[in-house]
Amino acid sequence: MAIHPPENKLWWNEPIEKTEIIWVGLCLIWALIMFFMMPYWHLFGEQNLTNEAYKVEPEAHVERAEAMADKYTVREEGDTGIPVVRPPAGSDVFVVARLWEWWPILELEKDKTYRLHLSSADWMHGWSLQPTNLNVQVHPGYDFVVTVTPNQTGEFAVVCNEFCGIGHHTMLGKIYVVE
Amino acid sequence: MTAIAQFRTCPDTGFKVHSAAEKLIKANAVAAVVFLLVGGVFGLSVALTRWQEVHLLPADWFYLALTAHGLDVLLVWIIFFEMAILYFASAILLNSRLATPWIGWLQFWLMLIGALITNVAVLQGDSSVMFTSYVPMKASPLFYLGIILFAVGALLGCCVFFGTLIVAKDEKTYEGSVPLVTFGAITAAIIAVFTIASGAIILIPTLLWSVGYISHIDPLMYKTVWWAMGHSSQQINVSAHVAVWYLIAAVIFGAKPLSEKVSRTAYLMYILFLQLASAHHMLVEPGLSSEWKIFNTSYAMYLAVMGSMIHGLTVPGSIEAAQRKKGFNKGMFEWLRKAPWGNPAFSGMFLSLVFFGFIGGITGVVMGTEQLNLIMHNTLYVPGHFHGTVVAGTTLAFMAVTYIVVPLIWRREIIWPGLAKLQPYLFGFGVAGISLFMMGAGTLGVSRRHWDIAFSDATLSFDYPAAAYLMLTLNGISAILAAIGGALYILIVVGSILFGKKRDEAAAPAPAEPTAAAATSYGSAGTAAVPGTFMLALIFFVTFVLYYFVNWKYLAETWGVS
Amino acid sequence: MAESETGASGGGTGGKPPFMQRLLDNHFFLLFLGVVIPTVFYILWGVMELTQIPVANY
Numbered sequence: 001m002a003i004h005p006p007e008n009k010l011w012w013n014e015p016i017e018k019t020e021i022i023w024v025g026l027c028l029i030w031a032l033i034m035f036f037m038m039p040y041w042h043l044f045g046e047q048n049l050t051n052e053a054y055k056v057e058p059e060a061h062v063e064r065a066e067a068m069a070d071k072y073t074v075r076e077e078g079d080t081g082i083p084v085v086r087p088p089a090g091s092d093v094f095v096v097a098r099l100w101e102w103w104p105i106l107e108l109e110k111d112k113t114y115r116l117h118l119s120s121a122d123w124m125h126g127w128s129l130q131p132t133n134l135n136v137q138v139h140p141g142y143d144f145v146v147t148v149t150p151n152q153t154g155e156f157a158v159v160c161n162e163f164c165g166i167g168h169h170t171m172l173g174k175i176y177v178v179e
Numbered sequence: 001m002t003a004i005a006q007f008r009t010c011p012d013t014g015f016k017v018h019s020a021a022e023k024l025i026k027a028n029a030v031a032a033v034v035f036l037l038v039g040g041v042f043g044l045s046v047a048l049t050r051w052q053e054v055h056l057l058p059a060d061w062f063y064l065a066l067t068a069h070g071l072d073v074l075l076v077w078i079i080f081f082e083m084a085i086l087y088f089a090s091a092i093l094l095n096s097r098l099a100t101p102w103i104g105w106l107q108f109w110l111m112l113i114g115a116l117i118t119n120v121a122v123l124q125g126d127s128s129v130m131f132t133s134y135v136p137m138k139a140s141p142l143f144y145l146g147i148i149l150f151a152v153g154a155l156l157g158c159c160v161f162f163g164t165l166i167v168a169k170d171e172k173t174y175e176g177s178v179p180l181v182t183f184g185a186i187t188a189a190i191i192a193v194f195t196i197a198s199g200a201i202i203l204i205p206t207l208l209w210s211v212g213y214i215s216h217i218d219p220l221m222y223k224t225v226w227w228a229m230g231h232s233s234q235q236i237n238v239s240a241h242v243a244v245w246y247l248i249a250a251v252i253f254g255a256k257p258l259s260e261k262v263s264r265t266a267y268l269m270y271i272l273f274l275q276l277a278s279a280h281h282m283l284v285e286p287g288l289s290s291e292w293k294i295f296n297t298s299y300a301m302y303l304a305v306m307g308s309m310i311h312g313l314t315v316p317g318s319i320e321a322a323q324r325k326k327g328f329n330k331g332m333f334e335w336l337r338k339a340p341w342g343n344p345a346f347s348g349m350f351l352s353l354v355f356f357g358f359i360g361g362i363t364g365v366v367m368g369t370e371q372l373n374l375i376m377h378n379t380l381y382v383p384g385h386f387h388g389t390v391v392a393g394t395t396l397a398f399m400a401v402t403y404i405v406v407p408l409i410w411r412r413e414i415i416w417p418g419l420a421k422l423q424p425y426l427f428g429f430g431v432a433g434i435s436l437f438m439m440g441a442g443t444l445g446v447s448r449r450h451w452d453i454a455f456s457d458a459t460l461s462f463d464y465p466a467a468a469y470l471m472l473t474l475n476g477i478s479a480i481l482a483a484i485g486g487a488l489y490i491l492i493v494v495g496s497i498l499f500g501k502k503r504d505e506a507a508a509p510a511p512a513e514p515t516a517a518a519a520t521s522y523g524s525a526g527t528a529a530v531p532g533t534f535m536l537a538l539i540f541f542v543t544f545v546l547y548y549f550v551n552w553k554y555l556a557e558t559w560g561v562s
Numbered sequence: 001m002a003e004s005e006t007g008a009s010g011g012g013t014g015g016k017p018p019f020m021q022r023l024l025d026n027h028f029f030l031l032f033l034g035v036v037i038p039t040v041f042y043i044l045w046g047v048m049e050l051t052q053i054p055v056a057n058y
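Protein sequences appear in the order of chains U, A and Z.
The opening residue of the first sequence carries number 1 in the numbering used here; numbering runs sequentially from there.
The opening residue of the second sequence carries number 1 in the numbering used here; numbering runs sequentially from there.
The opening residue of the third sequence carries number 1 in the numbering used here; numbering runs sequentially from there.
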């Protein structure tokens, strides 16, 4: 029994029952398939994070975002006048996460590629694009470059999905995707 | 040190029971159950708040309750219970005295005081930083201090465990290799040592930072090292509850492992690779390379997953073999149909096995795939997954084994046998519901640790689909079901310990059926094949493969990310 | 009776256990492996990568 020492002191030399051998073999093959799916997707899939990231001072990141907003703001939205920024396709887009907003609002073109620079000005946040359901962690002090290519038009929300204090559940942002 | 150890011989099992070990097992188990009660109440209040129509708690209390829930059940209940398991699997199963019982008591008191300090810190309201306490969000110094004391206590418990292994070997209290269950406990203890060391590396500086002696803790560094503790502590649970499965199968059926070699090798995979999966939490973080992510998240090519899948075959397989020897040989599943489904130790163990595999296991592997994590990270899918592993898996297995431990160690009969029969089903299906509905909501994008999915106070607005609200309602209802099951467990256990009929030492109303016939000859080559178990395993396999690739299809449809 | 079942491959009970059995019975070596492997692959490798993240200069 499993609660007593093995009766056969040389238990390693016991033969294994056929069912177990088949199962172990099946599991091993499946393990290898799952393992190689990840490098495979890096080569042939469309959804992979880069390793591109930089150390950045939170203030410097906010300044870059403000400079971008000054240049490309097309209108304002909401009671507090949040700028809606329409950066050129292919450009570097700086997004600030802070208590408790995603700043600024973005307007992107469908099927164009943008280099999003995600960083936090204070605590940790979670960039969660809805209803697409793409989720990326955002740290203070680190600029994470995530290159996105929207494949649908419409209005998307950015929810914060990392707990960031008492106002966490009010932290929302927006991204518009147009033709 | 020279005092002569006091032993009694268990009339049911014939084990020599060291009284110091027995007292420590009792103390740790009782502390565990008390914190299960506290953490469970917090958990219910969280689920009832997520249920938007009820929305029980205000925001500040919700985040406080969520922090306390995580700490009290994920950490305190489980680790206290595991200390009891470590002492049981070493001193009792090896017929040995426990090494240095006084260090065992130090373990108990340090853990108890640590748990109380952290609970007080959380209840004071200035430490609602969640179980993960990511910097630069700061809790009060007491919060970290309590966890550190708790961890030091747990480390001492591991030392006593390893010390007892040495004592047993020196005093030749057993022959040959340790029992398989003890080997499982060794696996758990090894992972615990790594877990606690990682915790010390990160939490001691964090404590100094919260007091003001250190000015800055890097959030990315913190998160990486913290998860070496946070995730590995869940791997202690996996190792421990698999050992409990083997234990229950042995006690109830007299089941022997199909093959010691295979089962122990599966545990070896855990020892070597299971802890690498801490990377599951770091898959969408900046600055870590894909090589690091792929190697670690896959536990080195999924060899540890293979270990779990092997246990998933060998545990029910050993039961099938034992049942077939008793004559339940008709067809593929007579052995399972005629299993003692009214015995809460068995039903709890078997539900734990099924739910851990189908709900917790599959989803954990899917979510831990580097790219698939993009569509699940930090959504409610995550707590959905780990309620499948830690609650439906570990907690249910621990509950099941309690029905064996109380008659054997406390020498009391279980009160309310009718309700005890129901308890694992109520709790198990309740938790399975919690798990599935949270994962459903997570698939619809609902964030974890979120007080109000309607965003009513936000400047901007966003509406989750109506189905998400339905999922959270069903989650709330499941939580009520699980809470009833949990409350019953606590009432039955405490009631049995206090008021259960004392069991006559002479009479042996064996929890095990006549096991002799089944237990005599060794498994392996001579054993009947286990076609029923293999069929169940194949069903599991097909489910796993289908669900895995469905998620790749979902991923392929989202925005391009590079 | 165990010997009779496995006699062919086991060669009785007198011999020295095979390497893998001795490894699995050597709990403190397993402890060593179980601490060193994740420390090297997860913690050290991970921390090394984090310290090599370049400073932004764009």
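Check each hint, because a few of them may be wrong.
[As the list claims (entries may be wrong)] Straight-line C-alpha distance at most 25 Å; calculated SDA-like pairs for lysine to any residue:
hint, chain 1, residue 1, chain 2, residue 2
1, A, K169, A, W102
2, U, K18, A, M535
3, U, K9, A, I166
4, U, K55, Z, K16
5, A, K553, U, K55
6, Z, K16, A, K553
7, A, K172, Z, F19
If you're looking for bench data, these hints aren't it; they were derived computationally from the structure.
This one's a predicted model, so the numbers in the text were calculated from it and none came from an experiment.
Please work out if K9(U) and I166(A) have their alpha carbons no farther apart than 25 Å.
-> 19 Å, holds
Compare the distance between the alpha carbons of K55(U) and K16(Z) with 25 Å, and conclude whether the hinted pair is satisfied.
-> Given that 25 Å is the threshold and the Cα spacing comes to 57 Å, the pair is violated.
Given the hint that K18(U) pairs with M535(A), does the C-alpha gap stay at or below 25 Å?
-> Holds: K18(U) and M535(A) sit about 14 Å apart, inside 25 Å.
25 Å limit on alpha-carbon distance, applied to hinted pair K172(A) and F19(Z) | Within the cut-off at roughly 22 Å; holds.
Are the Cα atoms of K553(A) and K55(U) separated by 25 Å or less?
-> 34 Å, violated
For the pair we were handed, K169(A) and W102(A), check the Cα-Cα distance against 25 Å.
-> 21 Å, holds
Pair hint K16(Z) and K553(A), alpha-carbon separation not exceeding 25 Å | 53 Å, violated
Checked against the numbered hints above, the structure breaks hints 4, 5 and 6 and satisfies the rest.
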